[in-house]
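Enquirer: Kindly generate the complete structure, drawing on both the sequences and the hints.
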Amino acid sequence: EPEVTQTPSHQVTQMGQEVILRCVPISNHLYFYWYRQILGQKVEFLVSFYNNEISEKSEIFDDQFSVERPDGSNFTLKIRSTKLEDSAMYFCASTWGRVGSNQPQHFGDGTRLSIL
Amino acid sequence: ILNVEQSPQSLHVQEGDSTNFTCSFPSSNFYALHWYRWETAKSPEALFVMTLNGDEKKKGRISATLNTKEGYSYLYIKGSQPEDSATYLCALNQAGTALIFGKGTTLSVSS
Numbered sequence: 001e002p003e004v005t006q007t008p009s010h011q012v013t014q015m016g017q018e019v020i021l022r023c024v025p026i027s028n029h030l031y032f033y034w035y036r037q038i039l040g041q042k043v044e045f046l047v048s049f050y051n052n053e054i055s056e057k058s059e060i061f062d063d064q065f066s067v068e069r070p071d072g073s074n075f076t077l078k079i080r081s082t083k084l085e086d087s088a089m090y091f092c093a094s095t096w097g098r099v100g101s102n103q104p105q106h107f108g109d110g111t112r113l114s115i116l
Numbered sequence: 117i118l119n120v121e122q123s124p125q126s127l128h129v130q131e132g133d134s135t136n137f138t139c140s141f142p143s144s145n146f147y148a149l150h151w152y153r154w155e156t157a158k159s160p161e162a163l164f165v166m167t168l169n170g171d172e173k174k175k176g177r178i179s180a181t182l183n184t185k186e187g188y189s190y191l192y193i194k195g196s197q198p199e200d201s202a203t204y205l206c207a208l209n210q211a212g213t214a215l216i217f218g219k220g221t222t223l224s225v226s227s
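The listed protein sequences derive, respectively, from chains A and B. Quick note: the first sequence uses the numbering used here, first residue 1, plus one each step. Quick note: the second sequence uses the numbering used here, first residue 117, plus one each step.
Read the hints as simulated data drawn from the structure, not as lab findings. Don't take each hint at face value.
[Stated by the list, open to error] So the derived label-pair ranges between C-beta atoms look like this:
id: 1; chain 1: A; residue 1: 81; chain 2: B; residue 2: 169; range: 45 to 53 Å
id: 2; chain 1: B; residue 1: 190; chain 2: A; residue 2: 16; range: 40 to 48 Å
id: 3; chain 1: A; residue 1: 96; chain 2: B; residue 2: 210; range: 19 to 27 Å
id: 4; chain 1: A; residue 1: 16; chain 2: B; residue 2: 173; range: 41 to 49 Å
id: 5; chain 1: B; residue 1: 190; chain 2: A; residue 2: 76; range: 32 to 40 Å
id: 6; chain 1: A; residue 1: 3; chain 2: B; residue 2: 183; range: 31 to 39 Å
id: 7; chain 1: B; residue 1: 136; chain 2: A; residue 2: 8; range: 20 to 28 Å
id: 8; chain 1: A; residue 1: 116; chain 2: B; residue 2: 199; range: 30 to 38 Å
Think of the CB as a built atom: it goes at the ideal place given N, C-alpha and C, for glycine as much as any other residue.
Expert: Printed below as a string of structure tokens:
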């Protein structure tokens, strides 16, 4: 069964550094999402992406964050200048159609980001 | 603030027991309710997407019901097995693209 893949599985970065988290969504999917879970807290929506532009973003997704689909397969999340509070598990997800049309989201295994 | 609540936070049952958990959500602007099963070190796996009031869905020993008027969904596991041990997440969609997650119910099944 096709799956969403994320790399790396664990990223350790110094505070203030830029980090790029990578995702390869399922190949025929059109909608892409990033979520994060800070340890002990709820999974939180960050951003959704469709047709090469952001569809929706949460308050968390400020100017430090950006997303890109640089080629036909990768979907990346960039954090420009990391802070300690960015430490979390980051999940990528994809759907063929828009969430809400009976479409479950297909999640990757996540990237654990640790900011020192 | 939109809040999705799940209870209990965790529970421990014996193999063969049946169990259920609750997901509560605001009933206004409802579009869909998702249930996911999340094992440690793996990706959340979709169980059900429910949209209609009174909906009941079943997958093997797991089933779910939905009440959109009062804002709750129940997830039932019949005859729990050790492999059912996981965190069960519910998530609300309100016609945008975002899923709003609850904190999850962590189930531990011992043999």
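Enquirer: List, from low to high, the hint numbers that the structure doesn't satisfy.
Expert: 7
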